[in-house]
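For the record, the sequence lines run as chains S and R.
Under numbering that gives the first Met the number 0, the first residue of the first sequence carries the number 0, and numbering increases by one thereafter.
Under numbering that gives the first Met the number 0, the first residue of the second sequence carries the number 0, and numbering increases by one thereafter.
Treat the hints with care, as some may be off.
[Said to hold, decoys possible] Which residues of chain S face chain R? A partial, calculated answer using Cβ under 7 Å:
| id | residue |
| --- | --- |
| 1 | G103 |
| 2 | E277 |
| 3 | G278 |
| 4 | A279 |
| 5 | R280 |
| 6 | I281 |
| 7 | S367 |
| 8 | L369 |
| 9 | A421 |
It should be emphasised that the hints constitute simulated quantities derived from the structure, not laboratory data.
Where is the CB? At the ideal position from N, CA and C, for every residue including glycine.
Given next are the chains, with one letter for each unit.
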Amino acid sequence: MDQSIEQAAGSPSAADGGSFFGIPYGWPLIVAIIALILVMWMAREPLRRVVWQMFFITGRVFGRWGLWLTEHGRNARNTCNEKIAAFRADELQDRMLVLEDRMGRRAEKLAKETGPVIARLDKSTHQLATAATELTDINLEDAAERAFRAALPSMESGRGLNKLEKNFAQSTARAMNERLVPVRPALQIIKAEAPRVRELADKLNKTQNEFNQSVDEVNKTFTEFEMIMRSEDRSKIAARASIVIPWLIAVLITAIALSGVFLNFFLIERPMSEIVGEGARIGGIGLPTFAAIIVIFLEFVAGVVLMDAAGFTRLIPAFHTMSDRSRKIMFGVAFAFLALFSVLEMTLSIVREQIIEQDQQTRDLANSALLGPAPAPAATPEAAPDATAPTGEAAVAAEEGLALSTVAQLILAGIIPWLLAAAALPLETIVRNSVFMLSIVGSFLMLMAAFICKTLAVAFKNVGLFALTVYDAIIFAPLWVERRVKGTVRNRGSGGGNASSEPDDTLVLDRKSANQPQKEPKRDRDREKSREPELQKA
Amino acid sequence: MIGRSLFGLGTALALAALSGCGLVTSTNRSVFFVFDVSGTYVKAVPDAAKLANITIADLQPGDWVGASQISACSFSEKEIILQRQLPTTPSLAATAKRELFQAFNTYAAGVKTAKFTDIRGALAQAAFELKQRPEAERFIVLFSDMVADYGKSCDTSGIKLDLTGVHVIAANVIKTNPGDPEKYFALLKEWEAQVVAAGGTWSLVSSPDQLPKLVNGV
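Can you build the whole structure from these sequences, using the hints too?
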């Protein structure tokens, strides 16, 4: 048995000096090898074709797949970039519209705001001008001269120097006082109006700054919008728009909201059996569970409609074209539905408590009968003493605890539908960005597959070449003889010539004729073709 | 109330539509309790009724409950104590369960002894009742010492039983002869073989908490 295995494996046998696949070593084996080489030489053309078919055609198929995948992967990426850029442009357009709207409203208010300010400024300026005129009208020299002249008669009557000085001083003071009396209100006006003017000027300055800021913002947005619309480098534009971070934030918020959904589910699952009954299963899910899931979905849908109608999200396309009045109606309807769901859940939470209590009492009744004495026939279950029932203060504490837990359930049941509605807010980001991310990942996967296919194509081709080289190396001797013989015959026929330029030289694997024009690789030709529309565009 | 009725009606219509598609299946079970009232076991009937009560306490809304007794000639409608389907809503089901407790307690308090023990006839009667039920899971809970004693006028020892799809549970099987455990185990093995031969499955329950778990799977 061992011997036969060794023979089959081609290992030398100890009995007869060894053999190779049943052929004894020595002359028989040499003859067999020579025969095999001759057979291989004779069969070289069909076998070459087989090898060619196996490796080169397969490699070419992989190469084509690689090209196809590369092209489609790039196209997918370009399409995705285009979509991201378009979305970003839409976002900016919306932002510009919002800013424009805000500026329009502000401009409407501006007339009301600046009108009184300007009127006050005008009044203050007028008062200041009047006061200034009055101040300029004061001629102190003339007043002093008049005072001096007025004092002259008294100088003549009284000749004393002291008296003279006194008269001068008194007359001058009186005259100056008389002149300064009308000036004082003007000074008061200046004192009062100057800070007010400054304040009004500040206010106007602030308004101007606000406007400048809004204008800057609009300009910035418009510049970016312009760049998106005009830029040829779509990947750069797409890279500027953040996708992953908003998506992660949205997923986090939705995950938190989903935990609320689970809570809600467990809250309403049991009492739903009171409405829809138990005992049936739909697709392997219990009917109350199914009903609870449906209620949660309906709440979520109502929340999505509410948020879309309120203008917070843009998930439902119908709302984009809807009039304001219709949207308000939809908002009211969604709000009413959510309120109803809230009430429904609150009711269910009370029912839940009752069901749990009844079940517990029923079990207690059965268990107490098992633990206690044998039942009396006349005793009704309601009248039967409950062995497990708490008494006195414990009973009161238990009831209070139950009441508190019911209140807590009521609050939860009332809040959760509204929280579910809020979960619709990040949904838009998740849906939109998930599509972008899937597109990007898809394009990268295609490019990766293209790389693998191209690598396989090259590997197949080279393995094929290697196989052919090995094949030729094995049949080298007969090939050499054939070449010599053919060379001699040709030399005789044509009177000489270069043997190396013979077209049927079987030693050469793939040699292209020097006379044929050198074609560029097909891949490059494809690239040139794909570039043509771009060049035409340029 | 109107809203609840409308919701219920809508659900019923939806269920009817889904049933047509084969998407809706039932999870309800039917449980048939059989009490042995022969001379040796009649004293254990109140305890058996308690076990039946704790089993019923854990049944789901929509489940069906039946009960009969093993007497001299058990294959008879006269031996049936009660048959009732629990309502599908939990609150009504809880009320129905309490009524069943009351019924079993009343029965256990006023049970009368029988001269013979026609277990096979009782099994045939229970299987017959269960076959008419649409529930997928069917149980016969036997409260007996499993010692058959057939009268001459009603010998059902030779009848062929059909317990296909029925799970037979022997509960509270008291030992009639404590000095001969081998006979007790041989008796149980014999009954198990008979039940299995009739196409049913067999379980023996020794402690009270096992029975609800076995029937309700909780």
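Hint by hint, which ones does the structure fall short of?
-> When the structure is compared with the hints, numbers 1, 7 and 9 turn out to be violated.
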